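Chemist: Hey, can you work out the whole structure from these sequences and the hints?
2 protein chains.
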Amino acid sequence: MMMANGEAVKLAIAGLGTVGAGVIALIEAQGALLTDRAGRGVQVTAVSARDRARDRGVDLSSFEWWDDPVAMAREADCDVVVELIGGSDGVAKAVCEAALDAGRHVVSANKALIAHHGTALAERAERTGAAFGFEAAVAGGVPIVKALREGLAGNRISRVHGILNGTCNYILTEMRETGRPFEDVLADAQALGYAEADPSFDVDGVDAAHKLAILSSLAFGVAVDFAGVHVEGIRRIAPLDLEFARELGFKIKLLGIAEKTAEGVSQRVHPTMVPVDAPIAAIEGVTNAVETEGDFVGSVVLQGAGAGGGPTASAVIADVLDVAAGRRAPIFGVPADALATAQSLPMSVHEGAYYVRLRVIDRPGVIADVTAVLRDQAVSMESIIQRGRDPEEPVDVVMTTHDTTEAAMQQVLAGIDALDAVVEPPTVIRIDRT
Amino acid sequence: MMMANGEAVKLAIAGLGTVGAGVIALIEAQGALLTDRAGRGVQVTAVSARDRARDRGVDLSSFEWWDDPVAMAREADCDVVVELIGGSDGVAKAVCEAALDAGRHVVSANKALIAHHGTALAERAERTGAAFGFEAAVAGGVPIVKALREGLAGNRISRVHGILNGTCNYILTEMRETGRPFEDVLADAQALGYAEADPSFDVDGVDAAHKLAILSSLAFGVAVDFAGVHVEGIRRIAPLDLEFARELGFKIKLLGIAEKTAEGVSQRVHPTMVPVDAPIAAIEGVTNAVETEGDFVGSVVLQGAGAGGGPTASAVIADVLDVAAGRRAPIFGVPADALATAQSLPMSVHEGAYYVRLRVIDRPGVIADVTAVLRDQAVSMESIIQRGRDPEEPVDVVMTTHDTTEAAMQQVLAGIDALDAVVEPPTVIRIDRT
Chain A
532 MMMANGEAVK LAIAGLGTVG AGVIALIEAQ GALLTDRAGR GVQVTAVSAR DRARDRGVDL
592 SSFEWWDDPV AMAREADCDV VVELIGGSDG VAKAVCEAAL DAGRHVVSAN KALIAHHGTA
652 LAERAERTGA AFGFEAAVAG GVPIVKALRE GLAGNRISRV HGILNGTCNY ILTEMRETGR
712 PFEDVLADAQ ALGYAEADPS FDVDGVDAAH KLAILSSLAF GVAVDFAGVH VEGIRRIAPL
772 DLEFARELGF KIKLLGIAEK TAEGVSQRVH PTMVPVDAPI AAIEGVTNAV ETEGDFVGSV
832 VLQGAGAGGG PTASAVIADV LDVAAGRRAP IFGVPADALA TAQSLPMSVH EGAYYVRLRV
892 IDRPGVIADV TAVLRDQAVS MESIIQRGRD PEEPVDVVMT THDTTEAAMQ QVLAGIDALD
952 AVVEPPTVIR IDRT
Chain B
532 MMMANGEAVK LAIAGLGTVG AGVIALIEAQ GALLTDRAGR GVQVTAVSAR DRARDRGVDL
592 SSFEWWDDPV AMAREADCDV VVELIGGSDG VAKAVCEAAL DAGRHVVSAN KALIAHHGTA
652 LAERAERTGA AFGFEAAVAG GVPIVKALRE GLAGNRISRV HGILNGTCNY ILTEMRETGR
712 PFEDVLADAQ ALGYAEADPS FDVDGVDAAH KLAILSSLAF GVAVDFAGVH VEGIRRIAPL
772 DLEFARELGF KIKLLGIAEK TAEGVSQRVH PTMVPVDAPI AAIEGVTNAV ETEGDFVGSV
832 VLQGAGAGGG PTASAVIADV LDVAAGRRAP IFGVPADALA TAQSLPMSVH EGAYYVRLRV
892 IDRPGVIADV TAVLRDQAVS MESIIQRGRD PEEPVDVVMT THDTTEAAMQ QVLAGIDALD
952 AVVEPPTVIR IDRT
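Chains as they are written, first to last, in the numbering used here: chain A, 532 to 965; chain B, 532 to 965.
No lab work stands behind these hints: they were computed from the structure.
Heads up, a few of these hints could be off.
With the Cβ distance kept under 10 angstroms, some of the chain A side facing chain B (calculated, not the full set) [claimed, not checked]:
id	residue
1	Gln561
2	Gly835
3	Ser875
4	Met878
All figures in this text were calculated on a predicted structure; none of them were measured in a lab.
By construction, the Cβ of each residue, glycine as well, lies at the ideal position given by its N, Cα and C atoms.
Modeler: Below, the structure is given as structure tokens:
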């Protein structure tokens, strides 16, 4: 479904928040450049948002206004519907479905929607021959979707992992640099606009999990499986953990990690100890980074701004230019009916090393009791550090283990938590040296 | 020029070194995957190389053998000619020209050819409607060409810089870690296969300059201008410079840096002091990294293996899949006749800070004489370190300056070199804090 060369490609934009305004500003700023790039102009014809009166810093007067974005998606004079409403269901989904059913191309920045309904939307698009682009849904302006779908397409990818949520990375960076607790730094991040008023999608790891599910599908050629992602956030990370991490030669990052083996696909988002000299450890603040491992290309890393109006608009326009120039690739890298349904590996079969922080009453025999629990589950300890001495008072003890299974580790944690001398539930952080 | 869907895309490969063998191995290994990705198979039909008898670890028996690669490019049963011969002129150029003139698509890994003749080849391709891909020519398997041409196409790029030569980065990493001199480490790199028997293209910066000229064209939409690149290599870097760099908080990297301003385009390859905590400082060994600065997307970094059969084959296949799937973009991001001829800014107008190492006779008044030379050129000194004391014997003195112009700095260097107490020509390394 190539479109005629020469005539401008027409966009209808649903949702006029920071990203929508950024897309309009970009098109206004780079008109001639976009025409050179795509062989035709790019033009906004219609827009829809909740509040028509709000000042968005861009001139909307030349665009047709629609109160109903679904009607706009179906009926407006456009080639491409740009969905920037957000949310996994409701209006955003209805807009995309209406557009695709009408054979209109869709470009979306909506990670929740694609994580939950990506495969079904791809099938829907294929039925009418519409394009469905979502470069902006993962890692903001970083062109990782195109890299996996086209640039690295000659490889079997065995692993993709990265820092997928800038808010969490900002908070962890600040906590490490200032020693302040999670709640304080989160409040600052909210004041600075780096975190939402309701921060749970970010700090509980859900946003990173959405992006990881999309990356897994692109990397491994499997159906999008958000339900298969094990998700933990960063609320339980204490300044003390960041101190111990430093002492042990690690940084703590919220990583999304997806791996494909002969057994199936594992997907997990959790705080992770990474060696200070690992490339991913150098990514600080709101930056995102994605590392892939391909059988021919080896390791490739892409990094850049993971959010914000400008970077996300850049990614939206990349998809628009692909449509305008008639460049098409299978939506998840292979046709929807070729996407495999992979065995989703449960977290219990995960193997790796662990960091465990305990708060215990400092009395003779406690360490012996703790280490006996490990021995009983055949978990091998790598190191143990007791911070300070304070007889009959609580002190902090940190252990690291050699590689073991998550299942054994969960037994260990239950056993430790049941000890009288252990005064609060253990904090666990997985170690990843790869 | 879309090709019919379904029928396999046929390749004729000219040049069967490591990369050629890698391409054949990749196609053999990933047959079904490539078909899913491109909607059609990928098949080698013809090959040509100098020595038919050589064992390359891949089975060539099902391919048509051509002694004359130019005849193959013109006449073989193929859709795409893959040029892996190398060299800026001669046979490689003749192969590409013959193929493009015949309307055959060309995929090339030949950075020298594209740096010298890229614009003319793009015009040639446009005349017959052939595709001309060269993802493999820059940074091996890292999909930076596609990122600049498509993924970041909504941006005006103001700067692109990076570590573009793995051999130099390996040598500098080794020198820093072991304290050994350039010649020793180079000999090791040659033994390990990281450096050629004639290392001059790598260590004198020419290879990096080829890649930088290609990146500049893609980033800024200007004609490829290899002659406009200022080139310096790493032969003069001494272990002492790496020690001083460490003391001053820097690492030394051979960087390629291209910038576009209202005045024109500057392109330069030279050893550079970068802050130890800059992202680019973390790139060690044979890895390549490219950082771009776009007006909407901000900074984006791509990194990965810059050479080798597997990574380069991965990039070649990415281009082949684009052809197979009918995905086309202007060869340098915009049509050849829209490539601007930018003013090439000479090195003399460069502004920045400098590191200068001197070997001087340790006697009263020498430092005063040296600093007087700086004062006379209005160059402001940031720091000066004298290493050791040894009256009437040579000692090492290192200075860093605040920002100044290259023209002033060249005057300073001439003035210092003329002093009696200065016993060898100063070593100069530019400092880049961006």
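Chemist: Next step is simple, just say for each hint if it's right about the structure.
Modeler: Here is what the structure says about each hint:
no., hint, result
1, Gln561, "holds (6 angstroms)"
2, Gly835, "holds (4 angstroms)"
3, Ser875, "violated (21 angstroms)"
4, Met878, "violated (28 angstroms)"
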